[in-house]
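Protein chains in written order, with my numbering: chain A, 44 to 372; chain B, 44 to 372.
Don't take every hint at face value.
With a cut-off of at most 27 Å between alpha-carbon atoms, the simulated DSSO-like pairs for lysine-lysine come out as follows [stated by the list, open to error]:
#1 K155(A) x K342(B)
#2 K307(B) x K83(A)
#3 K286(B) x K228(A)
#4 K286(A) x K307(B)
#5 K307(A) x K285(B)
#6 K63(A) x K342(A)
#7 K149(B) x K342(A)
#8 K286(B) x K307(A)
#9 K342(B) x K149(A)
#10 K307(A) x K155(B)
#11 K263(B) x K208(B)
#12 K342(B) x K342(A)
#13 K228(A) x K63(B)
#14 K152(B) x K342(A)
#15 K286(A) x K228(B)
#16 K307(B) x K63(A)
#17 K45(A) x K307(B)
#18 K342(B) x K152(A)
#19 K63(A) x K63(B)
#20 K95(A) x K149(A)
#21 K45(B) x K63(B)
#22 K119(B) x K155(B)
#23 K83(B) x K307(A)
#24 K342(B) x K307(A)
#25 K285(A) x K307(B)
#26 K155(B) x K342(A)
Hints in this document: simulated from the structure, not taken from any laboratory.
There are 2 protein chains.
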Amino acid sequence: MKIGILGYGNLGKGVECAVKNNPDTELACVFTRRNPSAVKVLTPGVPVYDAKDILDHKDEIDVLVLCSGSATDLPKQTPEYAKYFNVIDSFDTHARIPEHFANVDKAAKNSKHIALISCGWDPGIFSLLRIYGNCILPDGQDYTFWGPGVSQGHSDAIRRIKGVKDARQYTIPVQSALDAVRAGKNPELTTRQKHTRECWVVAEDGATKEDLDRIEKEIKEMPNYFAGYDTTVHFVSEEELKKNHAGIPHGGFVFRSGKTGWNKEFNNVIEYSLNLDSNPAFTASVLVSFARAIFRMNKEGQTGCRTVFDVAPAYLSPLSGEEIRAHLL
Amino acid sequence: MKIGILGYGNLGKGVECAVKNNPDTELACVFTRRNPSAVKVLTPGVPVYDAKDILDHKDEIDVLVLCSGSATDLPKQTPEYAKYFNVIDSFDTHARIPEHFANVDKAAKNSKHIALISCGWDPGIFSLLRIYGNCILPDGQDYTFWGPGVSQGHSDAIRRIKGVKDARQYTIPVQSALDAVRAGKNPELTTRQKHTRECWVVAEDGATKEDLDRIEKEIKEMPNYFAGYDTTVHFVSEEELKKNHAGIPHGGFVFRSGKTGWNKEFNNVIEYSLNLDSNPAFTASVLVSFARAIFRMNKEGQTGCRTVFDVAPAYLSPLSGEEIRAHLL
Numbered sequence: 044m045k046i047g048i049l050g051y052g053n054l055g056k057g058v059e060c061a062v063k064n065n066p067d068t069e070l071a072c073v074f075t076r077r078n079p080s081a082v083k084v085l086t087p088g089v090p091v092y093d094a095k096d097i098l099d100h101k102d103e104i105d106v107l108v109l110c111s112g113s114a115t116d117l118p119k120q121t122p123e124y125a126k127y128f129n130v131i132d133s134f135d136t137h138a139r140i141p142e143h144f145a146n147v148d149k150a151a152k153n154s155k156h157i158a159l160i161s162c163g164w165d166p167g168i169f170s171l172l173r174i175y176g177n178c179i180l181p182d183g184q185d186y187t188f189w190g191p192g193v194s195q196g197h198s199d200a201i202r203r204i205k206g207v208k209d210a211r212q213y214t215i216p217v218q219s220a221l222d223a224v225r226a227g228k229n230p231e232l233t234t235r236q237k238h239t240r241e242c243w244v245v246a247e248d249g250a251t252k253e254d255l256d257r258i259e260k261e262i263k264e265m266p267n268y269f270a271g272y273d274t275t276v277h278f279v280s281e282e283e284l285k286k287n288h289a290g291i292p293h294g295g296f297v298f299r300s301g302k303t304g305w306n307k308e309f310n311n312v313i314e315y316s317l318n319l320d321s322n323p324a325f326t327a328s329v330l331v332s333f334a335r336a337i338f339r340m341n342k343e344g345q346t347g348c349r350t351v352f353d354v355a356p357a358y359l360s361p362l363s364g365e366e367i368r369a370h371l372l
Numbered sequence: 044m045k046i047g048i049l050g051y052g053n054l055g056k057g058v059e060c061a062v063k064n065n066p067d068t069e070l071a072c073v074f075t076r077r078n079p080s081a082v083k084v085l086t087p088g089v090p091v092y093d094a095k096d097i098l099d100h101k102d103e104i105d106v107l108v109l110c111s112g113s114a115t116d117l118p119k120q121t122p123e124y125a126k127y128f129n130v131i132d133s134f135d136t137h138a139r140i141p142e143h144f145a146n147v148d149k150a151a152k153n154s155k156h157i158a159l160i161s162c163g164w165d166p167g168i169f170s171l172l173r174i175y176g177n178c179i180l181p182d183g184q185d186y187t188f189w190g191p192g193v194s195q196g197h198s199d200a201i202r203r204i205k206g207v208k209d210a211r212q213y214t215i216p217v218q219s220a221l222d223a224v225r226a227g228k229n230p231e232l233t234t235r236q237k238h239t240r241e242c243w244v245v246a247e248d249g250a251t252k253e254d255l256d257r258i259e260k261e262i263k264e265m266p267n268y269f270a271g272y273d274t275t276v277h278f279v280s281e282e283e284l285k286k287n288h289a290g291i292p293h294g295g296f297v298f299r300s301g302k303t304g305w306n307k308e309f310n311n312v313i314e315y316s317l318n319l320d321s322n323p324a325f326t327a328s329v330l331v332s333f334a335r336a337i338f339r340m341n342k343e344g345q346t347g348c349r350t351v352f353d354v355a356p357a358y359l360s361p362l363s364g365e366e367i368r369a370h371l372l
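Work the whole structure out from these sequences, hints included.
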């Protein structure tokens, strides 16, 4: 299976690595909106092309993996490229999924291609855990916790504050909230009650005590991002940030807690968790396994837009039906 | 969707309860090989029929849930009833799955029905976690732990020892083994190194110290079941066993631990666990959600044998595609 990558940032690089780790896949080419000659990929011999020439390479690719941002790029790119390619994206702007799905579905059906949107770990694998949990325990409650891990959006928000040179924000689940859910106590919890926020901040050179106090206050009072959360701010040097906070780890938990029995007398707790050294590398691994799935589904004649809910797990595996029944059932 | 139950033991009762908890399903009837007039079901108005008259009720049932044992019943029943019904079973004799699959597939294809075998939590939900884990992290290791929970087979094995009146055996995961896997240490572990066995035994009245010593020795040395395990034996009164060990709780853990990154420099640990007050009630809930799925797949024209790997998660849910994308993605 020949994979094309559009967008060579952290996620694009992750897809390249995932292709290397999946022997039945091969990287055909990478497309960038930067100057292609300035982009060096890791895989020997793989060409980098200008994104505007992408249609010249239509026949070299089985599935195009879109590695751009959800805010402005993917709403345009996924429906556009579904006209010419089987495509997969990690669109994660929840409120806009119905509209995005409809646009992509229309384009992919017209062109007889297949598309899979909102793939990764959340949305993606966590969504799968939610649907299985809801269907098995219809009378129950869902809990999703994120972290411990680096939130890119929150780190960016801190960097936009005047006087901040660099920053890294960790989202951390509250242990007592995890314990209560795990014990089947079905607590009512807001996102703020489930998570704390820890910030590592590099101030501009020459910052005074007053500057630092103002930065800390601005972080802690920032609406939507930090206000109402238990937030800790640590000021560190640029060297310390680079040394101790260079990685992009992430993870989280999905719980389904529910009742069975004639009088709902039995408690059940389902817990799923991810502990990931690299968020983009894992997301990319999920994308490549679902790329395999949709390529097969398209070969069977399926077209239009799909989500992870529409993919039978057997399609994800390079093994045959006999093999997966023998080794994994 | 009209459900029929064949076999009204713990699992059959569990299916009845799961039907009650799924408003889009309804219990049509129960079939038993016992005297039907001696079997009292919980659902008002639901008839109990003799299993030998099952074909008289062919048109009253959308999916027949087979709640018999894997050892001798299901290998005959599932292919036989797939001639007349959409069927689902929880066949769990791993080595015989290929043969069972082939027999059921042939019968179901000929009759244009659909069948799902080996459904429950292991095989079943745990199998799903294994396939997702293997496909997302192709370079990694699988770990399955069972318990803490009651093992019916091991409890029965103790009851067959001379001088034992009743017994209950708990399988318990070894905490240090769980911790090592969770920490990404990828230990090599046998089933014996992953689990301990705790036995609660009621001796026949008038048992001497010598009898108890012999029973304990026979348990601990029993090949396959206990030999090589860290096994603890507690003698208790019949009342204590009834009071403290009447339930059938179970559960377990599935881990996938694997590497991502260009040089496999990133560790990832995926953990899934179940903590179930009632093993048969949960297994039955899984069966009913997959019964919904195969009924829909059959209405779309699909026939033959399936496993959980072949079912797209969306089929399990009573909600529409729009609803699941809005609420669970």
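Hints, verified against the model:
1. Taking the CA atoms of K155(A) and K342(B), the gap is about 25 Å. The hint holds against a cut of 27 Å.
2. Note on K307(B) and K83(A): the hinted pairing holds, with a Cα-Cα distance of about 20 Å set against a maximum of 27 Å.
3. Only pairs whose Cα atoms come within 27 Å are accepted, and K286(B) paired with K228(A) is accepted, the gap being roughly 24 Å.
4. With a C-alpha separation of about 20 Å, the suggested pairing of K286(A) with K307(B) holds against the 27 Å cut-off.
5. Taking the CA atoms of K307(A) and K285(B), the gap is about 21 Å. The hint holds against a cut of 27 Å.
6. Using a Cα cut-off of 27 Å, the hinted pair K63(A) and K342(A) holds, with the two alpha carbons roughly 23 Å apart.
7. The hinted pair formed by K149(B) and K342(A) meets the criterion: a straight-line CA distance of about 25 Å does not exceed 27 Å.
8. Restraint check for K286(B) and K307(A): the C-alpha separation of about 20 Å stays at or below 27 Å, so the hint holds.
9. A C-alpha spacing of about 25 Å is found between K342(B) and K149(A), which places the hinted pair at or below 27 Å, so the restraint holds.
10. Between the alpha carbons of K307(A) and K155(B) the distance comes to roughly 37 Å, so the proposed pair goes past 27 Å and is violated.
11. For the given pair, K263(B) sits about 17 Å from K208(B) by alpha-carbon distance, which is consistent with the 27 Å threshold.
12. As the CA atoms of K342(B) and K342(A) are separated by approximately 23 Å, the hinted pair is consistent with the 27 Å bound.
13. Between K228(A) and K63(B), the direct Cα distance comes to roughly 23 Å. Compliance with the 27 Å bound is thereby established for this hinted pair.
14. A threshold of 27 Å between alpha carbons decides the hint, and for K152(B) with K342(A) the separation of about 23 Å falls inside it, so the pair holds.
15. Under the criterion of a C-alpha separation no larger than 27 Å, the hint pairing K286(A) with K228(B) is consistent with the structure, at around 24 Å.
16. Under the criterion of a C-alpha separation no larger than 27 Å, the hint pairing K307(B) with K63(A) is consistent with the structure, at around 10 Å.
17. Of the pairs offered as hints, the one joining K45(A) and K307(B) holds, with about 22 Å between alpha carbons and a cut-off of 27 Å not exceeded.
18. Between K342(B) and K152(A), the direct Cα distance comes to roughly 23 Å. Compliance with the 27 Å bound is thereby established for this hinted pair.
19. With a C-alpha separation of about 49 Å, the suggested pair K63(A) and K63(B) falls outside the 27 Å cut-off, and the hint is violated.
20. Between K95(A) and K149(A), the direct Cα distance comes to roughly 23 Å. Compliance with the 27 Å bound is thereby established for this hinted pair.
21. For the given pair, K45(B) sits about 12 Å from K63(B) by alpha-carbon distance, which is consistent with the 27 Å threshold.
22. A C-alpha spacing of about 19 Å is found between K119(B) and K155(B), which places the hinted pair at or below 27 Å, so the restraint holds.
23. A threshold of 27 Å between alpha carbons decides the hint, and for K83(B) with K307(A) the separation of about 20 Å falls inside it, so the pair holds.
24. A distance of roughly 31 Å separates the Cα atoms of K342(B) and K307(A); the hinted pair therefore is violated under the 27 Å criterion.
25. A distance of roughly 21 Å separates the Cα atoms of K285(A) and K307(B); the hinted pair therefore holds under the 27 Å criterion.
26. With a C-alpha separation of about 25 Å, the suggested pair K155(B) and K342(A) falls inside the 27 Å cut-off, and the hint holds.
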